[in-house]
Structures are given as structure tokens and as C-alpha cells.
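Since the structure of chain A is already known, use the hints to place chain B on it.
Respectively, the protein sequence lines represent chains A and B. First residue of the first sequence: 1072, per my numbering; consecutive thereafter. First residue of the second sequence: 1072, per my numbering; consecutive thereafter.
Be a bit skeptical, because a hint or two may be false.
The list treats identical chains as one, so a pair stands whether inside a single copy or across any two.
What the hints assert, rightly or not - Below 20 Å or equal to it, Euclidean Cα-Cα: the simulated PhoX-like pairs (lysine-lysine) are:
id: 1; residue 1: 1097; residue 2: 1111
id: 2; residue 1: 1363; residue 2: 1097
id: 3; residue 1: 1097; residue 2: 1219
id: 4; residue 1: 1138; residue 2: 1300
id: 5; residue 1: 1219; residue 2: 1208
id: 6; residue 1: 1078; residue 2: 1118
id: 7; residue 1: 1383; residue 2: 1118
What the hints contain is simulated information worked out from the structure, not anything from laboratory work.
These are the residues of each chain, in order.
Number of protein chains: 2
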Amino acid sequence: MSDSKLKQKFADPSRGVYFIGTTPPKSSVSMAQVSDIGDKLLERLGKIDFDGLIVYDIQDESSRIDKPRPFPFMNTHDPRDYSAILREKSGRPVITYKSVSQRSREEFDEWLDRAWCPHGVRDLVLVGSPSSEGEIKLPLSQAYATMKEHSLNFNLGGVTIAERHASKGDEHLRLLEKSAQGCEFFVSQAVYNPQATIDLLSSYARECKERGLTPKRIILTFTPCGSAKTLEFMEWLGISVPQATCHRILDAHNPLGESIRICRNNLDQILEACGGLGIPLGLNIESLTNRKEEIDAAIRLYKLLKATLDLKLAELEL
Amino acid sequence: MSDSKLKQKFADPSRGVYFIGTTPPKSSVSMAQVSDIGDKLLERLGKIDFDGLIVYDIQDESSRIDKPRPFPFMNTHDPRDYSAILREKSGRPVITYKSVSQRSREEFDEWLDRAWCPHGVRDLVLVGSPSSEGEIKLPLSQAYATMKEHSLNFNLGGVTIAERHASKGDEHLRLLEKSAQGCEFFVSQAVYNPQATIDLLSSYARECKERGLTPKRIILTFTPCGSAKTLEFMEWLGISVPQATCHRILDAHNPLGESIRICRNNLDQILEACGGLGIPLGLNIESLTNRKEEIDAAIRLYKLLKATLDLKLAELEL
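The following block holds chain A by itself, in its conformation from the complex (with noise of 0.2 Å):
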């Protein structure tokens, strides 16, 4: 099998890039069952034109917070298998999240060598611990550095968090750290606070014009949330929320609706704002829960803000 087809469309500066966002069904289903799971979500996908696919890898991430967390965590499937069921299926690039703090360097060599054969893994995302609580057997820098000594061509992406850049004022330095390490591209947590991506993006854009650096795809990641318990859950994950925004939601007549339209008010002050910056940007829409009506609102949310950066960046072009 040859090299990342996503490499080259990442490359491209003029063209948005567009995913569905994803998590593996639980351990305790057969991997029969996995396959069924695969089908159903391509052909609630099959009326939208999408790059690729995101399959996420969850972790246990209740050391982070002290608060229950919403929906139970449960297990999941190597992201993987499920990766390489998608995709088979679905003809199209999948882009693989692992976690890497739990296992040791050795484990992480061998899930490397499996993922990139037979699994097929092209286009990978490392994730580090959720805290720096709890035993570390492979920090993420370490994790980095094992891949720069692997032959295999992965075309590599780390995960960024616009939270992080409100509170500390510093994400963009960990990207310019991260791509240095051999990131080509970032997935944004999931956006509720347009102000932070905004920041961050400006910030980003800033500092690489100053160091003389192209910048980095930057793939943005929203989510339509259409009930308290996963408004709750976006919290818990870490997901900012400003308080009118909460509001708005919970009082809509139709959340769901309420949401979208959020989002996709989100999605034009960010391009507003950052459009010119010559960030190539990307978008990822994934559902929270497993919901019918939060996939199809999902779906929905994907076409909208696709055409909405479609438009932009055509725009731009004039």
C-alpha cells in the first residue's frame, strides 16, 4: 500500500479538507458486529462527498476531573481495526488517534509496525495522558521521538486545544514544539468558544510569520448537542462553554437546531476573524453519543459549515 493520500490535500492551501469524526464500538462487541456498526454509520454518510474518516481512541480519562463522568467509560476497540474496517469499506483515508501514556515504548513500537501492516494506518494522531496524574509508561515526547526513528512514512498529526491557549496563553507554542517533533497537521478539540480558536489561530499565525515558518493544517472539530446530559458530557470532556451559549441551548425549543446554528455562527467569527491569516484550515464534525438524532443533526452540521468553508476560501480566491 502506498504513502498517505491525505499528505497531498493537506498540502494544498487552497482546498478545505473535510472528515466525520468517529469512536470504536465498545470491546464487548464482536468484531461481526464492529463491521455491522461500520456499515450503518457509512450509509447514514453515503449522501455527503467527505475526505476521510476520524476514528478516535478513548481513554479512561477520570484522573483528569473529579466529577462522574456523564456516560460510563467503557472499553472500546483498537481504533486500529476499527480503522482499517472503515477504511476497506468506505475507500477513503481514516486518520487514527492512540492513546500512548499506558503502554510502554516496546508496546508502541509493535502497535506501530501492526498499524502500519496489516491495519493500513496512513494518517495518525499520537494523544498523551490525559493528566499528569497516574503512572506514565511513554510520555508523548517520547512517543514522538520513537516515531522520528521508525522508517514508516506516517503522515503524522497531534491533537490542539484551544482551552488550553485561553488559560495558559501558550498553544500555539506547543504547536510550533509539536510540529518541530513531526506533526503536520492538528485536530482541534471540539468548538464552543470560537474567542479561544480565534486567539489561537492568531496567535499561531503570528508566531510562525515571525519565525518565517509555514503553518500547519489546522482540522477544527464541531459537534452538534442537543440535551443537557450532553451538554453536561462536552464539560466533563474539557469542552468550554460560555455560559450564554449553555443557555441558549438548554431554553431552545429545539436544541439540537439551537446548536447548529451555534456552531455554524462559530465557524463564520472564526473565518471572519482568521480566514486571511494563511492558516489552511480543515473541519472534522463528529457525535458525542450514538443518538439518532444527534448523528443526523451530525450530518446536517457537516454539510452546512463544509459549504460555509467552502465558501470562504472560494472567496478568498476572488
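Using the frame of chain A, we list chain B on its own:
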């Protein structure tokens, strides 16, 4: 080879369909050169997502009008040939135009058979005589009748001319008549007079509702115009360009850019008036000349208008 792949896409009213229109190379060039021209075109289209191509059948329309043709008429290669080459190279469907009036029914029959196989044409638009003068060996209505007798399952389309609606007020009835004759979709002449298109679409939607019929898909054609000569050619082709629009293009510092802004505004007006009428729409962007800057402008126009229609359709789903 299987049936038309476009049929299924056309049948889903929630999605737009997007085409690039082009003409076959002149008949004096060799097939090797035709192949090179196809490569060059597809290379230019490499960065955009499109559902297919449209290959026109250029007629000598001098019987229709007294004025000399601004760009001299030249015979071209058979649209079947160029269509097969483009389909093969791009892996995408190609809608092939065919002028029927100059040849006998037997010749048309034979053309159809070979178009189906080996040429692989599945999506076909028949075009009648440009004027009622001159010998018509096969009227359009008889060509449609011939199609019905064929067992070949073409996805048949027709042309529609909003300018005819502006002058005669009955183009919506022609759409219904052509549908009864087998047309499953329509492609418009280039739009520069949005009101004529709005009136046509509005009349068509009302008539369909009254008769309890589902409106067919209508693919609107847009083209950039970067010079007085192209503008003159558009007028020669019968495209209605309001006076103020001519002035805007001719007086602009950058006529090509101005024509793109005009086209976008025209599509906005059409979608504002007709987006909610239940007529599934599509876009076809063509370059009327082979000038590099007009072709590049056509690609910019394509991206802008596709995102505009996609956004409107996504908004309608909210």
C-alpha cells in the same frame, strides 16, 4: 458497463449536482492531440470536486442569426469520442450532447447504438435545430420518439432556455412536454439574466404542483466573461445580458472578476427566489473560450457557486 451513475444522484433532491462544461476539440486535430487536450483539462480540474463533465455538440448556428459569429465556427470531433476519452481518463460520468437535426433517423439510430457501446455514453442531451430555417432531417420530437423505441436505458436530458420564457412565456410547458417525451433532467443556457430564470423556475414549480408532478432536476449554466468579444459571442449565442450588466463588465477594471461577482449575485437571487420551490438544482460551469485566464476564472466561479448552492441546500435542511 452498468447504467447511468448520475441517475441516482439526480434522484436525491437534498443534494446539488455539479458539472464542468466543455466542447470537443476541432476536427482538424489528431486523436492523439484530443487525448492531450483532455489530459490538460482534467489536470486543471484536479483540485475541484465535480460530479461529472458535460460535452457539447457545437452546431453552425449561422442560420439562426444575421450577425457574423464573433469566433469563427469550426467543425469539432464527434462529442461521443471526446466524451469517452474524458470518462476514461477521469473515471467520472460525462453528459454528452447530440444535435439531431442534420442527420436521418437511421443515422441517429446508429449513432445511438455506438454511443452506448463502445463509447459508453449513458447520460445524453438531445439538441434540436437552432432555427426553423434550413433542412431538418430529424426533428427533435422524432428523435425523442426514436429514443423511446430503443431498449437502451439512457439517462436523457434536454436543454432549457430561460430567454424563450422571457419572450414567449411557455418554456415551463416545454419542460413538461420534454419530460413526457422522456427527459429526466434539463441543462440551461448560460444565465446572465436572473429574472428570466426565476420566472421560468417559478412557473415550472407552479405548473408541476398543479398537475401533481415532481419537478425534474434543472442544471443552471454559468460562464465567466472577461472581454468585449466574449460578451459579443454570448449575445450572438442568444444569451440575454441586461444592459447594466454589460456596462458593469465592460467598464470594470477587472472584467473577469466582475463577471464572477455578477454570476454569484445572480445565483444568490435565483436561490433566494426559487431555493424553496422544490425543484432540484444543479450547476454547470463552462468557459466559452480557451483563454487560460477564462478557464482559470471558470474554476474559481465553479468553487464559488458550488459552495453557494451547497450552503443554501444545507440551510434549507435546518
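Hint check results:
Taking the closest pair of Cα atoms, residue 1097 and residue 1111 come within 20 Å of each other only inside a single copy of the chain (16 Å); across copies the shortest separation is 49 Å, beyond that limit. In the homo-oligomer, the alpha carbons of residue 1363 and residue 1097 lie at most 20 Å apart inside one protomer (17 Å), although the nearest pairing across protomers, at 54 Å, exceeds that limit. When the C-alpha separation of residue 1097 and residue 1219 is checked against a cutoff of 20 Å, the pair qualifies neither within a copy, at 31 Å, nor between copies, at 54 Å. For a Cα distance limit of 20 Å, the shortest separation of residue 1138 from residue 1300 inside one copy, 14 Å, qualifies, whereas the shortest one across copies, 71 Å, does not.
Within a single copy, residue 1219 and residue 1208 get their C-alpha atoms as close as 19 Å, which meets the 20 Å cut-off; across copies the closest is 72 Å, which misses it. Only between protomers do residue 1078 and residue 1118 lie at most 20 Å apart by alpha-carbon distance; the minimum there is 14 Å, versus 25 Å within a single protomer. Taking the closest pair of Cα atoms, residue 1383 and residue 1118 come within 20 Å of each other only across two copies (16 Å); inside a single copy the shortest separation is 23 Å, beyond that limit.
Violated hint: 3 only; the structure is consistent with all others.
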